[in-house]
Every structure is written in structure tokens, then in C-alpha cells.
Amino acid sequence: MARVGIVDYDAGNLKSVETALEYLQADFVISSDPEVLERTEKLIFPGVGEAKAAMERLKHYRLDDFIREYYKAGRNILGICLGAQIVLSSSEENGTQCLDLISGTARRFPGGQGLKVPHMGWNSVKVDMESRLFEDIPNGSSFYFVHSYYPDPDEGECRIASTNYGFEFCSALRQGSLHAVQFHPEKSGKWGLQLLHNYLSKIGPDCTIGGE
Amino acid sequence: MLQKRVIVCLDVKDGKTTKGVRFKGNIEVGDPVEMAAEYYRQGVDELVFYDITASAEKRGIMIDVVRRVARQIFIPFSVGGGLSSLDDMRAVILAGAEKVSLNSQAVKNPQIIQEGARLFGNQCIVLGMDAARDDRMPSGYRVYINGGRTSTDLDALEWARRAVQLGAGEIVLNSIDADGTREGYEIPLTRMVSNAVDVPVVASGGAGKPEHLVEVLSQGCADAALIASMVHIQGYTIEGIKKDLLQAGLPVRMD
Chain P
38 MARVGIVDYD
48 AGNLKSVETA
58 LEYLQADFVI
68 SSDPEVLERT
78 EKLIFPGVGE
88 AKAAMERLKH
98 YRLDDFIREY
108 YKAGRNILGI
118 CLGAQIVLSS
128 SEENGTQCLD
138 LISGTARRFP
148 GGQGLKVPHM
158 GWNSVKVDME
168 SRLFEDIPNG
178 SSFYFVHSYY
188 PDPDEGECRI
198 ASTNYGFEFC
208 SALRQGSLHA
218 VQFHPEKSGK
228 WGLQLLHNYL
238 SKIGPDCTIG
248 GE
Chain E
468 MLQKRVIVCL
478 DVKDGKTTKG
488 VRFKGNIEVG
498 DPVEMAAEYY
508 RQGVDELVFY
518 DITASAEKRG
528 IMIDVVRRVA
538 RQIFIPFSVG
548 GGLSSLDDMR
558 AVILAGAEKV
568 SLNSQAVKNP
578 QIIQEGARLF
588 GNQCIVLGMD
598 AARDDRMPSG
608 YRVYINGGRT
618 STDLDALEWA
628 RRAVQLGAGE
638 IVLNSIDADG
648 TREGYEIPLT
658 RMVSNAVDVP
668 VVASGGAGKP
678 EHLVEVLSQG
688 CADAALIASM
698 VHIQGYTIEG
708 IKKDLLQAGL
718 PVRMD
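Top line first, the protein sequences correspond to chains P and E.
Under our numbering, think of the first position of the first sequence as 38, with each following residue one higher.
Under our numbering, think of the first position of the second sequence as 468, with each following residue one higher.
Each computed DSS-like pair below joins lysine-lysine, with the alpha-carbon atoms no more than 30 Å apart:
id : chain 1 : residue 1 : chain 2 : residue 2
1  : E       : K710      : P       : K163
2  : P       : K89       : P       : K52
3  : P       : K227      : E       : K483
4  : E       : K676      : E       : K480
5  : E       : K676      : P       : K227
6  : P       : K52       : E       : K525
7  : E       : K710      : E       : K676
8  : P       : K227      : E       : K710
9  : E       : K480      : E       : K525
10 : P       : K239      : P       : K109
11 : E       : K480      : P       : K52
12 : E       : K483      : E       : K575
13 : P       : K52       : E       : K483
Derived from the structure by calculation, the hints contain no laboratory data.
Isolated chain P, as found in the complex:
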């Protein structure tokens, strides 16, 4: 299995990602050092919390440019939760300029009509575009969400899955070697573990169809 780097930039607790990867017997390293992360085959880019503070910490660790270069080189990245928002151009959360790997905006849920913000709990994920990330996972399976902002990529072909919370929002996206999910696969039971397994073993340069 590929050697995986988990990007640590003090944005929330990485323990659950760590225990999930241990369970999957992945060979991984957790680091905030670009030099350490450079020597990995693929990245997991997690995160919870506020977008602006998260971007500042990425810059502090010189991880912003590192992630951009990593992506430009066609290497695989899986963004999770805040990681799925920060890869966009910007976030409505405190008007934050983000990494701009995928053109788009993280938008705040409008709330109202009995829909609480944050969107918290299990919700169904409908796969709109065939992806190795969702292989062997029944379409419509539920995953665990906790978030107040959602990714809104400009290009329709980036959307690989959607979820309904008053309206259909993009809950998984992909562009080139970058995949990102708004939910928490590490807290989503067996289908979450399957998704992480898919990312680890079915996506990447060592796989027959790169990234597809």
C-alpha cells in the first residue's frame, strides 16, 4: 500500500483519521513539515475549524505552496471536510482566499425552514459521476457530516457526488489528481472505511487507471 502523508496544520483533531488508517493497515506519516510530506506517494488533507485561521496556519508551515506544487505535479490528494473547502478559490467564511486548486467558492448554508446550521449528522451521498473513490459503495449510502459551509465548484464536471440539505450541494469533488469529500469518511462506519481504502489502494500512479 502507498505511503500516505497526513497534513497536520493544527486544524482540529487528526486522531480519528489516524485510527482509521491504522485499522486499514496503511503505511502513513503525520506531519506539518513539507520536506517529510514531500517523500510520500499521496496526501490526506483533513481539517475542521475556521477557514481563515486554517489558511494562516498552512502559510505558517509553508504548506500552502507545498500543496499547490504537489497538486501541479499530478500527485494525489484527498481533502476532507475543511480540506474540501480550502482547495477552492475562496471561502465565504471571513472572506478567505484559499488554495485555488479548484475554481469555486465555499458557501454558507442559508439555514431557515427548520434546517439547522451546522449541517450535522448522517446524510445520504448520491454519486453523480463514476469514480474509483466510491467503488464498491452502494449509491446513496450515508456518511457523517459536520459543517456550516459547503463546496460550490464552478465547473459541473468537478462534482462527483451530491447531498440534499434543503437543496443539492456538492459533497464530493474531483479535479485531476485531487479528490475531496465534505463528509468525514473516518467517522462514517464501513462505507467510510471503504472510501478511504479506495483512495489508498485504487487511486494513484501505482494503479492501472491513474486517478480514474
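Please arrange chain E on chain P, whose structure you already have, making use of the hints.
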């Protein structure tokens, strides 16, 4: 569509589940980790561990339980009971808990909600509240602490609103009147609080049959229902309960 959650609560004392518990299978009685694993297998959406260990020196046992749970259960779970400082909270979070639940301590020192939310995020901080009917209070319900033994001057609705303002990301609302009766949740209390705050409300206390969950998740406007003795003692399974919820037209997660 966001689904209604079924949450199982485990009271843990000195590393063992306290209520007299027996599964149909051959699972060792009383080990919270094995029980948690069984409920996970049955499809529970979330777990709550409540540490009722009396002595401080035995608190480390709970951290070990949390660590073992985190290694094999990949759904959110929270830990409450006896957390009185940011260091206490950090210890259970680093051991793998998704959320921490603050109850008496939050009443005595509301700042801990704010500090916890700032450090770990709002989604991490759960307010546990024990409330009982009291006509002298504006909302009709009074807040109690120390496991329901000590009354406070707080009105339940007011306290719920204040805790959310301070940064609580969820409320577990336990009715002292309904707790242990198995006659159903306290619907008016649950509905009142759930409609007054923007964060999810978990109903607790009184569940005795699946219809009670249906009632509190629909009329009670709860986002989730907490159960304990139904699965620990009465022999209901999570799968069975969820099938009943689904049949009643409620959105639930079925695999």
C-alpha cells in the same frame, strides 16, 4: 436528507458498564468496548460514554476505554462525566473521542463552554442538561446538576440558549421526570428547546419502546434520540428499532 440519529448511552464506572446488561450472544457482560462494538455492528449512529467513576485516581481507566473504542469503532462518539478542565477535555479528545459532554461543570463555570469551543471547535462541545418540570420557572422546567440531585436557579430554555451562545454545538437534553420510566420522552420540553436553538438537540430519558423514539423525533422535533436500557436490558436491537423508525416514515441510516 439529513437522517435522524439513534444514539446509545453507556454509563461506565471504573472501566465497566454499570447497568445489568446481557446480550443474546456470548459477549462478555459489562465491557463497554465490546458493547460498543456490538452496537456499531448493529448500525448505531453514535455513542455516548458517561464516566461515573467516583474517584479521580481511576479516571485514567476511562481514557483507556476511549482509546480502545476509537481503534475499532468508526462513528462519532462523545465522552462526558467529570470533565472539569480543558486538560480533561483534551485528554479524551486525543484518545479519540469526537465530542465532549459538559453538564454540571458548565453550570458551575459557563466559561468552560466558550474556552472549549475556542480550542476544539463548537462541534466538539456538547451541553448535557438535566431538567425537571417546575411551574415556577418561565419555561416550566428547571435545570439540575450533580446527576439530578442538586437544583439550580437556571431555567432550562434560558440555559440552553445561553450555552449555544457560548459555543455549545449540540444539546443532550435529559428529562429527570421521564428518565427511567420507560413511558416515553418528555415531548413538550424537547420540542420547546429544539425549536429555540440552532444546534441539534438529542432527546434523552424515558425511552421504553420504538414508538417513543418515533414520537420524540417527529412531534418532539428532536434531531436524535438517546437510548440505554432498551438495548442494554430490554433486548431491542438497533436494527429493529431503526426498521420501526423507517416504517413510521422517519429518515434513518440503514446499511
